[in-house]
Structures are given as structure tokens and as C-alpha cells.
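Protein chains: 2
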Amino acid sequence: MNILLVHAHPEPQSLNGSLKDFSVKRLEKAGHVVQVSDLYAMHWKATLDVDDSTDRRADTRFDPSLDSRRAFESGTQSQDIAREQDKLRWADALILQFPLWWFSMPAILKGWVERVYAYGFAYGVGEHSDSHWGDRYGEGTLAGKRAMLIVTAGGWESHYGPRGINGPIDDILFPIQHGILYYPGFDVLPPFVVYRTSRMDEARFSGICDALGQRLDDLWKTTPIPFRPQNAGAYDIPKLTLRPDIAPDRSGFAAHIA
Amino acid sequence: MNILLVHAHPEPQSLNGSLKDFSVKRLEKAGHVVQVSDLYAMHWKATLDVDDSTDRRADTRFDPSLDSRRAFESGTQSQDIAREQDKLRWADALILQFPLWWFSMPAILKGWVERVYAYGFAYGVGEHSDSHWGDRYGEGTLAGKRAMLIVTAGGWESHYGPRGINGPIDDILFPIQHGILYYPGFDVLPPFVVYRTSRMDEARFSGICDALGQRLDDLWKTTPIPFRPQNAGAYDIPKLTLRPDIAPDRSGFAAHIA
Chain C
1 MNILLVHAHP
11 EPQSLNGSLK
21 DFSVKRLEKA
31 GHVVQVSDLY
41 AMHWKATLDV
51 DDSTDRRADT
61 RFDPSLDSRR
71 AFESGTQSQD
81 IAREQDKLRW
91 ADALILQFPL
101 WWFSMPAILK
111 GWVERVYAYG
121 FAYGVGEHSD
131 SHWGDRYGEG
141 TLAGKRAMLI
151 VTAGGWESHY
161 GPRGINGPID
171 DILFPIQHGI
181 LYYPGFDVLP
191 PFVVYRTSRM
201 DEARFSGICD
211 ALGQRLDDLW
221 KTTPIPFRPQ
231 NAGAYDIPKL
241 TLRPDIAPDR
251 SGFAAHIA
Chain X
1 MNILLVHAHP
11 EPQSLNGSLK
21 DFSVKRLEKA
31 GHVVQVSDLY
41 AMHWKATLDV
51 DDSTDRRADT
61 RFDPSLDSRR
71 AFESGTQSQD
81 IAREQDKLRW
91 ADALILQFPL
101 WWFSMPAILK
111 GWVERVYAYG
121 FAYGVGEHSD
131 SHWGDRYGEG
141 TLAGKRAMLI
151 VTAGGWESHY
161 GPRGINGPID
171 DILFPIQHGI
181 LYYPGFDVLP
191 PFVVYRTSRM
201 DEARFSGICD
211 ALGQRLDDLW
221 KTTPIPFRPQ
231 NAGAYDIPKL
241 TLRPDIAPDR
251 SGFAAHIA
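In order, the protein sequences belong to chains C and X. For the first sequence, full-length UniProt numbering assigns the number 1 to the initial residue and increments by one for each residue that follows. For the second sequence, full-length UniProt numbering assigns the number 1 to the initial residue and increments by one for each residue that follows.
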């Protein structure tokens with residue numbers, strides 16, 4: 001299988017760098033083909049702006065969505081964007097690997113999402129009407145592919161537990177797993193999270209690699225998070241709220257998991 | 001009062017640009033002093049990296065936290081970072097204004113947080129031990145100041161409701177309001193959110209300005225979101241989970257609101 005690993009850490013000798021190297025080796029050893037987008041090493045441009053297409057008229061108002069659509073449709077996207085889209089088309093699975101900074105992904109990775117996820121590629125796909133709100137949340141360009149997060153966090157696991165002060169890790173990651181990965185069609189596997197990264201020794205690192213290796217070995221066997229598809233009957237359209245008979249007493253992020 | 005407005009949109013003639021201009025005028029008319037950090041206009045460097053301090057030795061391993069601490073303590077931070085920290089010290093209130101892109105803030109603003117929130121400034125403040133886990137979540141450098149989000153979203157309000165497909169807006173914003181604003185000490189006011197931004201005419205824009213103007217007039221009267229302070233007894237330390245007798249049947253983000 002083809003795997004794209006997008007890696008967002010500035011230091012190759014970091015824990016994240018080591019986990020990236022380990023993952024690539026493990027996947028290649030299993031016979032997969034791996035491409036790595038090492039965003040810091042690539043000097044990835046983090047900021048979505050007027051320079052993201054090659055044919056923009058300077059005298060017009062810049063609309064991030066409409067400019068993205070025009071550039072995507074006319075083949076005038078900046079080359080770094082088109083290259084990452086090609087990698088996504090090529091990949092059978094996507095791994096996003098990053099340290100949790102301020103309870104989300106690093107800016108450089110957020111900027112990868114914003115720029116690569118063009119209108120017509122990752123959103124604005126399919127019919128948009130009051131009866132069909134686009135091919136998204138389970139459908140879309142990237143449907144049929146798998147995705148998984150590998151995340152490191154400085155805090156303790158209990159800080160990210162159901163009653164932990166930072167909020168539950170599944171809720172912190174929901175905007176990424178549901179809003180960024182499931183949205184354009186990926187099947188999303190449970191995340192691999194390493195806590196308390198400042199307390200690391202060789203024994204612990206070795207145990208983490210064993211667990212991560214198992215997850216990578218099982219990439220095509222693991223059951224995805226059962227997010228509810230938008231267009232299979234669970235939601236009223238165009239309100240896009242859960243139908244009254246679906247999990248009637250639930251609300252919040254967890255209600256969107258079957 | 002002194003107000004810092006951090007604005008993250010690439011087009012001055014956008015809805016966000018107009019709301020920024022309106023806010024500045026309204027606040028100045030009320031006698032406040034306003035500074036605007038217009039991140040796109042400033043060409044803000046979004047990516048946290050080795051160039052964020054002026055005295056780094058190229059032959060050492062880059063540690064984002066420890067390098068940030070060293071540079072903050074020794075006065076060798078990049079000047080753009082130090083300037084924003086000065087603005088935060090000067091401000092009585094902070095407004096972050098941005099379009100919701102992929103269910104979070106734009107990368108350029110995330111990078112403002114990552115770079116300006118230095119170790120020793122926004123985290124790593126106060127005693128860190130097994131009985132006191134830092135001055136944070138209600139305490140810290142920015143305690144006594146107020147903060148508020150002004151956010152625009154393309155989707156409908158129902159899509160962000162309790163059972164809306166995107167998840168409730170309060171939960172989507174929790175990592176920002178609690179994790180980025182409350183963490184270093186801000187009192188966080190309820191957000192001002194504009195939905196369905198593609199359907200805007202003069203009448204609707206005028207109504208939005210009226211509502212936003214009222215919120216700005218009430219900046220010092222509005223009751224902050226009652227997030228639970230970390231060090232006032234609600235949490236077991238160092239586990240940092242809610243004590244069993246605090247909201248015993250609740251979990252998730254909402255449990256951290258009294």
C-alpha cells in the first residue's frame with residue numbers, strides 16, 4: 001500500500017523525529033511504499049494567501065474560497081499545493097504526525113491543511129443544494145483511504161482523561177479527526193498518543209515503539225472510528241442536525257459517533 | 001482601557017476586515033486605546049523555529065520549549081515576538097478575530113500563539129511541583145485581563161448547534177477559549193460568532209454590527225465564562241482531574257465550567 005506521512009516537528013533529533021523514522025522503517029519493512037512530507041525540512045509555506053495561485057489579478061478582492069476554486073479548476077495552483085494533492089491521491093493511507101501545541105496541531109501543519117485542502121478538492125465537492133449538502137463527512141475526494149494521527153503531548157494521560165483539566169483527548173482531537181480527516185472522506189483510525197514526553201528513557205521509548213509498530217502493522221485491520229456519514233439518513237438536511245430518532249438523548253461531539 | 005485586537009484575514013475588504021474596522025472605531029469612540037496586530041498585513045511569521053531567538057548555537061538540538069525559555073529569560077527573543085508580548089502586557093483586553101478555517105483559527109494566528117506564548121511568559125509560570133502545577137488556568141502572566149473571540153463561519157448556526165454535524169461551537173472553541181486564553185490567565189467572555197457568511201447583505205451586516213457594538217460596549221460588564229481555576233480546590237494535583245465531589249456526574253469540556 002502507499003502511505004503518506006506528514007510530519008511537523010522542527011528538530012529531527014526530537015522524539016517526534018525518532019517516531020517518524022521508526023514509522024517509515026516499520027512500514028517499508030512490511031512492504032509498503034512511504035512518502036514523507038517533512039514540513040519543516042520542506043520549508044512549507046504555512047500561510048494561505050494571494051500567492052497560492054499563479055494567475056491572480058492584483059486588482060481584485062481576494063476570496064480564500066473562490067480563489068482556491070478558480071486555481072484548482074484552472075490548474076493554476078502554486079506547485080507546492082498541487083504536489084501535496086498528488087501525494088494524497090496516490091496514498092492509500094495518510095498519517096499526520098505532530099506534537100500537540102496549545103491543544104491543536106502546529107501552525108505549519110494547519111497551514112498545510114488550509115492550502116492543500118482546496119475548494120473542489122477537499123470541500124465544495126458534489127452537489128450543494130438544500131437536499132444534498134456536498135459529498136463530505138464520509139464521502140468526497142479522499143473516500144476509501146485511511147487516516148491516523150500520531151500525537152505527542154507534554155501533559156499526563158490523566159490531564160487528558162474524561163475529567164482531566166485539558167479536556168478529553170478524543171474531544172481535543174475531534175476537530176481534526178472529524179473536521180479535517182473524515183470531512184473529505186477518510187476513514188479515521190483511533191489516534192496513537194504519547195503523553196508526558198519530557199519523561200522519556202530508552203526502556204519507555206522501546207515500549208512506545210512496540211505499541212506504535214503494532215498499530216502500523218494493523219493499519220488495514222483496525223476498525224475506524226464510526227463517525228456518522230452525513231448523507232446516509234442520520235441528519236436532517238439542510239439543517240444538518242441529527243434526526244430526532246438518532247441517539248435522542250445525546251449531544252456534543254460524541255453524538256456523531258455511532 | 002487598552003485593547004489589543006489580533007486580526008487574521010488576508011483581505012482588508014472581507015467581512016472580517018469590515019468587522020475589524022467597525023470594532024476599532026466603536027472602541028475608540030468609547031474612549032479606549034486600541035492597537036491592532038493585523039497579522040497578514042504585518043507578514044507575521046507563522047512558523048515556530050530555530051530563528052525565533054537571536055543567539056542560538058547551530059550545533060545544538062533545538063527544543064521548542066527550552067529554547068523559548070532561554071530566549072525569553074535572556075532577552076534574546078526575535079523582536080517580533082517581544083513586541084507582541086509587550087502589547088499583551090499593555091492591554092487590558094485582548095480580542096482575537098478570525099474566520100473559522102477547518103474548525104480552528106487560521107495557521108497565521110496559531111503561529112502567533114505558538115511564538116508569542118513563550119515559556120516563562122504564557123506557560124512554565126510559577127511553581128511546578130506535585131502540589132502546584134504552575135500558575136495557569138485562571139492564574140498567570142495575563143491574569144486580570146479579559147479576552148474575547150470574534151469568529152466568522154461559513155456554515156449555518158444549526159450546523160454548530162448541540163446536535164449539529166460540525167459539533168457545538170462552544171466545544172469547537174474550547175481548545176482556544178480554555179486552552180489558549182484561560183490558560184495564561186485571561187477571563188474569557190462568551191464569543192461573538194457570525195454564521196453563514198456567504199449570505200450577507202447590508203441589512204444583515206448592519207444588524208451584526210449593532211449586536212457586536214453592544215458586546216464591545218459591554219466588554220467590562222459581561223460575565224466571563226466560569227471556567228474552573230486549577231489551583232482553587234476543584235482539581236486533584238498532580239493528576240489534574242476534577243475532584244470526585246465536583247460535578248460528580250459530568251465529564252468532557254463542559255465539566256470545566258462551573
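Honestly, the hints are just simulated from the structure, not real lab data. Be aware that one or more of the hints could be misleading.
Put simply, identical chains are the same to the list, so a pair is met inside one copy or across any two.
[Said to hold, decoys possible] In the DMTMM-like style, the derived pairs of lysine to aspartate or glutamate whose C-alpha atoms are separated by at most 25 Å in a straight line are: (1) K45 to E11; (2) K29 to D170; (3) K25 to D51; (4) K239 to E73; (5) K45 to E202; (6) K45 to D63; (7) K239 to D201; (8) K25 to D55; (9) K87 to D135; (10) K239 to E157; (11) K45 to D80; (12) K239 to D38; (13) K87 to D55; (14) K145 to E11; (15) K221 to D245.
Notebook entry, point to check: Which hints, by number, does the structure contradict?
Noted result: The structure conflicts with hints 2, 3, 4, 5, 8, 12, 14, 15, although it agrees with all the remaining ones.
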